[in-house]
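Hey, can you work out the whole structure from these sequences and the hints?
This is what each chain is made of:
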Amino acid sequence: MEYQLIHKTVYHYSEPVSVSQHAARLEPLRDSRQDVMGFTLRIEPEPDVLTTRTDYFGNSTTVFGIRELHRELSVEASSVVAVRPFMPPVPALSPFWREVAALFRDPVSPKNTGPYEFVLDSPLVRIAPVFAQWAGRSFGEKTPLLVGVVDLMGRLHREFAFDPVATDVATPLEEVWEERRGVCQDFAHVALACLRSLGLPARYVSGYLRTVPPPGQARLQGADASHAWFSVFCPANGWVDFDPTNNLIPCDGHLTVAVGRDYSDVSPLCGILTGGGEHTVSVAVDVIPLGTRR
Amino acid sequence: MPASYREVAGSGVAPQSDWGALMGEIEALGSQERARRFESARRMIQEQGVTYNVYGDALGMERPWELDPLPMLLSSSEWAGIERGLIQRATLMNSVLADCYGPQRLIQSGELPPALLFAQPDFLRAVHGIRPASGVFLNFYAADIARSPEGRWWVLSDRTQIPTGAGYTLANRLVTARVLPEAFRESRVQRLAGFFRQFQSTLAGACARPGGGGEPRVVVLTPGPYNETYFEQAYLARYLGYSLVEGQDLTVHNRRVYLKTLSGLEPVDVILRRVDDAFCDPLELRNDSILGVPGLTEALRAGNVSISNALGSGILQSPAFRPFLPALCRAVLGGELLMPSLATWWCGQESAQREVLTNLDSLDVHPAFGGVYPTFGGGGARPLGNAGVRDAIHFAPHRWVAQERMRFSLAPCWERDGIVEKPVVLRVYLLGTPDGYIVMPGGLARTGMGPGSSGISMQDGSASKDTWVLSEQPVEEVTLLQSSDSPILLRRVGNNLPSRLADNFFWLGRYTERLDAAARTLRAALLRFSPETGGRELEQLRPLLRTLEAQDQIPPGSAAEDRSVEALEGDFLEAIYSQSPARAGSLRNLAARVVRLAMLVRDRTSNDLWRALSQLEDSVAIEMTSWSAGEAIGLLNRVLLLSASFKGIVRENMTRAQGWRFLDMGQRVERAMSLCTFLRETLVAPQAGHPSLLESVLEMADSTITYRSRYNLLPNLMAVYDLVLLDDTNPRSLLFQLEQLEKHLQRLPRRGGAGLVAPEQRLLIQLLNAARLLDARELGSGNTSLGASETARLLQLVLTVLPQLSEVLAVTYFEHSHISRTNA
Numbered sequence: 000m001e002y003q004l005i006h007k008t009v010y011h012y013s014e015p016v017s018v019s020q021h022a023a024r025l026e027p028l029r030d031s032r033q034d035v036m037g038f039t040l041r042i043e044p045e046p047d048v049l050t051t052r053t054d055y056f057g058n059s060t061t062v063f064g065i066r067e068l069h070r071e072l073s074v075e076a077s078s079v080v081a082v083r084p085f086m087p088p089v090p091a092l093s094p095f096w097r098e099v100a101a102l103f104r105d106p107v108s109p110k111n112t113g114p115y116e117f118v119l120d121s122p123l124v125r126i127a128p129v130f131a132q133w134a135g136r137s138f139g140e141k142t143p144l145l146v147g148v149v150d151l152m153g154r155l156h157r158e159f160a161f162d163p164v165a166t167d168v169a170t171p172l173e174e175v176w177e178e179r180r181g182v183c184q185d186f187a188h189v190a191l192a193c194l195r196s197l198g199l200p201a202r203y204v205s206g207y208l209r210t211v212p213p214p215g216q217a218r219l220q221g222a223d224a225s226h227a228w229f230s231v232f233c234p235a236n237g238w239v240d241f242d243p244t245n246n247l248i249p250c251d252g253h254l255t256v257a258v259g260r261d262y263s264d265v266s267p268l269c270g271i272l273t274g275g276g277e278h279t280v281s282v283a284v285d286v287i288p289l290g291t292r293r
Numbered sequence: 000m001p002a003s004y005r006e007v008a009g010s011g012v013a014p015q016s017d018w019g020a021l022m023g024e025i026e027a028l029g030s031q032e033r034a035r036r037f038e039s040a041r042r043m044i045q046e047q048g049v050t051y052n053v054y055g056d057a058l059g060m061e062r063p064w065e066l067d068p069l070p071m072l073l074s075s076s077e078w079a080g081i082e083r084g085l086i087q088r089a090t091l092m093n094s095v096l097a098d099c100y101g102p103q104r105l106i107q108s109g110e111l112p113p114a115l116l117f118a119q120p121d122f123l124r125a126v127h128g129i130r131p132a133s134g135v136f137l138n139f140y141a142a143d144i145a146r147s148p149e150g151r152w153w154v155l156s157d158r159t160q161i162p163t164g165a166g167y168t169l170a171n172r173l174v175t176a177r178v179l180p181e182a183f184r185e186s187r188v189q190r191l192a193g194f195f196r197q198f199q200s201t202l203a204g205a206c207a208r209p210g211g212g213g214e215p216r217v218v219v220l221t222p223g224p225y226n227e228t229y230f231e232q233a234y235l236a237r238y239l240g241y242s243l244v245e246g247q248d249l250t251v252h253n254r255r256v257y258l259k260t261l262s263g264l265e266p267v268d269v270i271l272r273r274v275d276d277a278f279c280d281p282l283e284l285r286n287d288s289i290l291g292v293p294g295l296t297e298a299l300r301a302g303n304v305s306i307s308n309a310l311g312s313g314i315l316q317s318p319a320f321r322p323f324l325p326a327l328c329r330a331v332l333g334g335e336l337l338m339p340s341l342a343t344w345w346c347g348q349e350s351a352q353r354e355v356l357t358n359l360d361s362l363d364v365h366p367a368f369g370g371v372y373p374t375f376g377g378g379g380a381r382p383l384g385n386a387g388v389r390d391a392i393h394f395a396p397h398r399w400v401a402q403e404r405m406r407f408s409l410a411p412c413w414e415r416d417g418i419v420e421k422p423v424v425l426r427v428y429l430l431g432t433p434d435g436y437i438v439m440p441g442g443l444a445r446t447g448m449g450p451g452s453s454g455i456s457m458q459d460g461s462a463s464k465d466t467w468v469l470s471e472q473p474v475e476e477v478t479l480l481q482s483s484d485s486p487i488l489l490r491r492v493g494n495n496l497p498s499r500l501a502d503n504f505f506w507l508g509r510y511t512e513r514l515d516a517a518a519r520t521l522r523a524a525l526l527r528f529s530p531e532t533g534g535r536e537l538e539q540l541r542p543l544l545r546t547l548e549a550q551d552q553i554p555p556g557s558a559a560e561d562r563s564v565e566a567l568e569g570d571f572l573e574a575i576y577s578q579s580p581a582r583a584g585s586l587r588n589l590a591a592r593v594v595r596l597a598m599l600v601r602d603r604t605s606n607d608l609w610r611a612l613s614q615l616e617d618s619v620a621i622e623m624t625s626w627s628a629g630e631a632i633g634l635l636n637r638v639l640l641l642s643a644s645f646k647g648i649v650r651e652n653m654t655r656a657q658g659w660r661f662l663d664m665g666q667r668v669e670r671a672m673s674l675c676t677f678l679r680e681t682l683v684a685p686q687a688g689h690p691s692l693l694e695s696v697l698e699m700a701d702s703t704i705t706y707r708s709r710y711n712l713l714p715n716l717m718a719v720y721d722l723v724l725l726d727d728t729n730p731r732s733l734l735f736q737l738e739q740l741e742k743h744l745q746r747l748p749r750r751g752g753a754g755l756v757a758p759e760q761r762l763l764i765q766l767l768n769a770a771r772l773l774d775a776r777e778l779g780s781g782n783t784s785l786g787a788s789e790t791a792r793l794l795q796l797v798l799t800v801l802p803q804l805s806e807v808l809a810v811t812y813f814e815h816s817h818i819s820r821t822n823a
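In the order they appear, the protein sequences are chains A and B. Sequential numbering from 0 applies to the first sequence in numbering that gives the first Met the number 0. Sequential numbering from 0 applies to the second sequence in numbering that gives the first Met the number 0.
Hint data in this document are derived by calculation from the structure and do not stem from the laboratory. Warning: the hint list may mix true and false statements.
To be verified - The list that follows gives simulated cross-link-like pairs (lysine to any residue, SDA-like), each with its CA atoms no further than 25 angstroms apart:
hint	chain 1	residue 1	chain 2	residue 2
1	B	K259	A	E45
2	A	K141	A	L247
3	B	K259	A	S17
4	B	K259	A	G274
5	B	K259	A	E14
6	B	K259	A	G276
7	B	K259	A	H69
8	B	K259	A	R125
9	B	K259	A	R52
10	B	K259	A	D47
11	A	K7	A	T39
12	B	K259	A	L247
13	B	K646	B	A809
14	A	K7	B	L173
15	A	K7	B	A809
The structure presented is a predicted model; accordingly, all values stated were derived computationally and were not measured.
Here it is in structure tokens:
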């Protein structure tokens, strides 16, 4: 499935900004599941320096600086992405979760160092016994890993309310956990805390959903903005994605932009400004199917 | 536990010869001389302002540095062993850092458990792959070492991020060598200066600028004056000849780091940082940091600046690394680790975890990475008991380490009442040069609170010592100032002043002058206030009271006619001593403000200047128990005298560079404003022409003598106003201040087009014209009411325009960059 993807962010500042520096993670990921056929980044006013590199987690990161007095900043990322058809793994056939967790106890066999990084605490997600307790109800003695994760995702979806005003990017995980409400980012963080507290590697995924659902299907939550979900490492399959906000295993309607330990590793656009006063931001995301190739 | 090793006795009972000689000399001084020297050490520390900031200390933020003038002695052969051990350790640490931030081969080969790196909050993924041009990640390293009962040295902890204390070591040396000059000469003590000279040349060599373009610019990046070791940062910066800057003084433009100065941006080549790893760049590291430089990581990536130590070097401070060092040493350096570490178990290893859980009572349990989890001390210090510790270890074993408790060796300490022996820990400093590590021959020795205590930290008030490493040969004198083999460029202007410092100098000028005016107004009021004459002279007192009100020295309403004498006395007490924010103009509040500002420019001003200002603060800190006008006037006289000595030092000793210019501008602006504030009150007073009131005008403007020498008669309204407003030969007159300001403005670096009249100049011309056109004789004509006179209009104009001028200067030169963040 091919998509035209446009992500436009516009900032309005109450005071002029004399210098601004931004880091953007807006270019979709190239991996076994998706190809990126085109990517352009349009920035207004034009930056006087812009560099792009691949970050520690393999995401494309662009850093740019603007030294022209401005009251508005517009960043528009447009890409053409092809998502390959994908057969989701059969959960019942996955290895027992305890066997997977055992792989990531110290000392670690060197081949597993990559996933190992996602078992540990990260800036926004700290493991704790309460998460292990709650998550443990989905993982019996002989539960296959992915069966447990599907169950956990379902419970998360049922017990946590989707509430776009309850939280913002700065709301700590503990508060989301107490209030039992939040948005996709929060649900992904809760899932990460649960899985890591059981000793399972799990990572954060940021990306998009198609804006208009295929005929006959309901519009998904989070389709008009950046979306987020999580991914679990399963030795037989590699990383397997789960979308707790919509309670489903992503197939070809999810477009991945970046992966990391939590939101702080993949934040789509963050900036440090000199001046600026108060700011307002508007974000518009459009994901339009271009039809299927071949 | 076996008995502690005694430094003086070595392995035997009789003092080792070096110690014997030193102790003998101290003994020979006699008790009186010993006491005198002990006091002189204290005084030197105080006079040099050597301080250590203690967080949340009730005694105030700054605490004098605790120095025991009796040094720690080490023979050259003993030192050679320490050197070998620590050079090896530093070399190893540097290689491990290079691997962690590079190929991570040690993890792939199983030498390093991945959790040691990946579980560390200080492992900065954003700087992974950045390799310093010199290949040295760990430019500066320190180790805390201590001696066990068997006499062997052990490493207690590693300082790989920001090794603190080298500056205090220098300060200690200075004082100790002066307190014990004979012993210092005779003992052949190895000098420290050579190490710092190497330090300078190594940092200069790290300069990344192609072609060099003259001397590399090295800056010391400080978290600011509230940091615990700010004194030493300023001290080191000054000693090494570097600018001390805060994050907001630097900016990144086109992947290069620049210093914001009065005349624009100047490139920075090398940053010696005292800001923690993750706080150095709010853009790519910790988003909530206010101490860093946005874009610094990108400049490092581009190789346009070098930083010491490399960002992310803090990971090796984790005690969890220690159990792996022997194996790492064999794998990386191909040899045995020479100096052992204090026995440490990382619970991430199953065998270690078992060991720890079995011996929980005799071990200290600490967080393995950073201090976010509680520390479980020995037996008694565990609120949840051993069960709580067990649970915490079981849930996330990799988060915990356990350490053995060691009995440190005892060193003799010189205390007020005599010599006692206390446990000692030594911090040794190493520098990574292109040819390998070198060791500072000396170090910071710290002694514990009493025999048997193990935790030693300057935060809880232990004392420090100089460390004398003795030499077999005569020692060579090294000076840091200039090596003879490199030519010196003559300079008439210092390094360009950072905008932030210009700002601080300007406000220091304003506040010292405000303090001066406040003391003067109060003194004039007190001289006219006497309970006996009561209300009779109150008419002439009222303008002074109104001015005190306007200056926030006394509460609003104090100038009212029905204010009782007792209430006024209370007001006056407040005007001196109040610390309430509502009395912002009280002498004590102003003095505190002045000292705070002086602290911010301390690395640019002389010690004398600092002393004058801190005495000023001291002089208003001792409160009178009850009101005594005589005592109060005495105090005000002292304040004015100290204020005058401050101004004298500024005038006679400060180079006419930009710092001085902004200080003087601040003083001029404030003096003009204080004068006009007071004149505005006196001019409209019912008895504006009363000689007593005019006397107070002359007093306020410090022009009494000038007036008498000119007029030889009772103060006359016209003549007094002419002298204090318009006489450009009177250094206290309004016109004189305005003309000085004009000269300063002409000499400021211009940023806009040349030849154009700058906005601040425009404002000043307006005032100058009004003042020059004014004829004081209008006041004698009796034609208009004084309140509606041109003079009154001028006063009002000054009070309106000068604040605008101050504002324009701030916008143009101080660029107070308010940083904000966005995240979407």
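Given pair status - B/L173, A/K7, alpha carbons within 25 angstroms: At roughly 62 angstroms apart (the allowed maximum being 25 angstroms), B/L173 and A/K7 break the hint.
Proposed proximity, A/D47 with B/K259 (alpha carbon, max 25 angstroms): holds (19 angstroms)
Restraint status (C-alpha distance of B/K259 to A/E45 at most 25 angstroms): Between B/K259 and A/E45 the Cα gap is close to 23 angstroms, so the pair holds against 25 angstroms.
25 angstroms limit on alpha-carbon distance, applied to hinted pair B/K259 and A/H69: holds (20 angstroms)
Hinted pair A/K7 and A/T39, Cα distance within 25 angstroms: Judged against 25 angstroms, a Cα distance of about 12 angstroms means the pair holds.
Agreement of B/K259 and A/S17 with the hint, judged by alpha carbon distance not exceeding 25 angstroms: holds (14 angstroms)
Pair hint outcome, B/K259 versus A/G276 [Cα-Cα no greater than 25 angstroms]: Distance ~21 angstroms between B/K259 and A/G276 Cα, so the pair holds.
Given pair status - A/L247, A/K141, alpha carbons within 25 angstroms: Holds. A/K141 to A/L247 sits at ~23 angstroms (cutoff 25 angstroms).
Restraint check for B/K259 with A/L247, where alpha carbons must lie at most 25 angstroms apart: violated (53 angstroms)
Given pair status - A/R125, B/K259, alpha carbons within 25 angstroms: Not satisfied, since the Cα-Cα distance of roughly 39 angstroms exceeds 25 angstroms.
Pair hint outcome, A/K7 versus B/A809 [Cα-Cα no greater than 25 angstroms]: Given that 25 angstroms is the threshold and the Cα spacing comes to 37 angstroms, the pair is violated.
Restraint status (C-alpha distance of B/K259 to A/G274 at most 25 angstroms): With a Cα-Cα distance of about 16 angstroms, the restraint between B/K259 and A/G274 holds, given a limit of 25 angstroms.
Of the numbered hints stated above, those contradicted by the structure are hints 8, 9, 12, 14, 15, listed in ascending order.
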